[in-house]
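*Asks:* Here are the chains, one letter per residue:
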Amino acid sequence: REWDSNPRVLVNVGNHFDSKRSVFKAPRRGIYSFCFHVVKVYNRQTIQVNLMQNEYPVISAFAGDQDVTREAASNGVLLHLEREDRVYLKLERGTLMGGWKYSTFSGFLVFPL
Amino acid sequence: REWDSNPRVLVNVGNHFDSKRSVFKAPRRGIYSFCFHVVKVYNRQTIQVNLMQNEYPVISAFAGDQDVTREAASNGVLLHLEREDRVYLKLERGTLMGGWKYSTFSGFLVFPL
Amino acid sequence: REWDSNPRVLVNVGNHFDSKRSVFKAPRRGIYSFCFHVVKVYNRQTIQVNLMQNEYPVISAFAGDQDVTREAASNGVLLHLEREDRVYLKLERGTLMGGWKYSTFSGFLVFPL
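As given, the protein sequences belong to chains L, H and A, one line each in that order. At position 91 of the first sequence the residue is numbered 91 (this note's numbering), and the sequence of numbers has no breaks. Basically this note's numbering = 1-based index in the second sequence + 1000. Basically this note's numbering = 1-based index in the third sequence + 2000.
Next comes chain L alone, as it looks inside the complex (with noise of 0.2 Å):
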């Protein structure tokens, strides 16, 4: 799943990923892979990202970068969840100047339990 200001959906197969709010709905219980690469376009703040599983945060990651003119926050990781949890990625801190172009959000099922 790939989406900036006005998101684009490359992948959603059974539709379980809500583009309005960019939430991730587990439709069943089971062990699930998620990436992402948050994008940040040039200016002087640092910017955490978290991956949440409903309301708690999962992992994190950085871009602090001052003189690059885009570099990423990335991470990825297993997670077990149970139908209905919802993943969905959240600016910690910082302000993403263009939104989410070129930002990246992924996940899929890799085996039931």
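None of these hints come from the bench; they were simulated from the model. Predicted model only: the values in this text are computed from it and were never measured. Among the hints, erroneous ones may be present.
Claimed, not checked - With the Cβ distance kept under 8 Å, some of the chain H side facing chain A (calculated, not the full set):
id, residue
1, CYS1035
2, HIS1037
3, SER1074
4, TYR1102
5, THR1104
What the hints assert, rightly or not - In silico negatives: residues of chain H with every beta carbon more than 12 Å from chain L:
id, residue
6, ARG1086
7, LEU1091
8, TRP1100
Claimed, not checked - Far from chain A by the CB rule (all over 10 Å, computed), these chain H residues:
id, residue
9, HIS1016
10, ASP1018
11, VAL1023
12, PRO1027
13, ARG1028
14, ARG1029
15, ILE1031
16, THR1046
17, ASN1054
18, TYR1056
19, LEU1113
Glycine included, C-beta positions come from ideal geometry on N, C-alpha and C.
Model the placement of chains H and A on the given structure of chain L, informed by the hints.
*Replies:* Quick look at chains H and A alone, frame taken from chain L:
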């Protein structure tokens, strides 16, 4: 799959990766996961790497730091491929001094459709 | 799987990840996907992280920026593992002030052989 100027292919089950041209050709319709990490050695250029599906760029990654010895342009995505679709990396901007050393490109079928 | 000085293991189905030693041991022959993101806090060192298969480095990642509060050395790869093969991360160069905080290491079986 990993390669450099003289690419070294670590995994190529089914032989669907053409290591001479560094192009993956989908053996069947389905959802595939791809990720890449392209390492740039110290120089004064910004690089942009595109992941291409046939003739079209799908996602991009950037590396542009001037004071860093090695920096990576990374991204990953899920793609819906038809049989015979080709997926490969293209250096859209900049040059890689030292070739594709330390760079990786991996993909696998998540599930068939 | 995610860990820090006091590693927190998020997912460990089958218990094939030895969290005490941070080593994954393959339960069976097959193709596995691994990825890691090792975060370095502000200091004047370049780090190099190797993904090891048994005693051998397979891929490397670097982080060397001196002006950034947090930067990640990331990479990912598919590996063909035999049963009992061990996969782990090794800090080849530099030190991690603050330990492995925010760093992640994930892997799963893509398909058995």
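*Asks:* Indicate, hint by hint, whether the structure satisfies it.
*Replies:* Hints, one by one, checked against the model:
1. CYS1035: Holds - the Cβ of CYS1035/H comes within 8 Å of chain A, reaching about 5 Å at its closest.
2. HIS1037: holds, 5 Å
3. SER1074: holds, 6 Å
4. TYR1102: holds, 6 Å
5. THR1104: Cβ of THR1104/H sits 6 Å from chain A, so the hint holds.
6. ARG1086: holds, 16 Å
7. LEU1091: holds, 16 Å
8. TRP1100: holds, 19 Å
9. HIS1016: holds, 12 Å
10. ASP1018: Label holds. Min Cβ-Cβ 16 Å, cutoff 10 Å.
11. VAL1023: holds, 17 Å
12. PRO1027: It holds; PRO1027/H is separated from chain A by about 13 Å at its closest Cβ, greater than 10 Å.
13. ARG1028: holds, 14 Å
14. ARG1029: holds, 17 Å
15. ILE1031: With a cut-off of 10 Å, ILE1031/H remains clear of chain A, as the shortest Cβ separation is near 13 Å.
16. THR1046: holds, 15 Å
17. ASN1054: The assertion about ASN1054/H holds, with a minimum of 22 Å to chain A.
18. TYR1056: holds, 23 Å
19. LEU1113: holds, 17 Å
Checked against the numbered hints given earlier, the structure satisfies every one of them.
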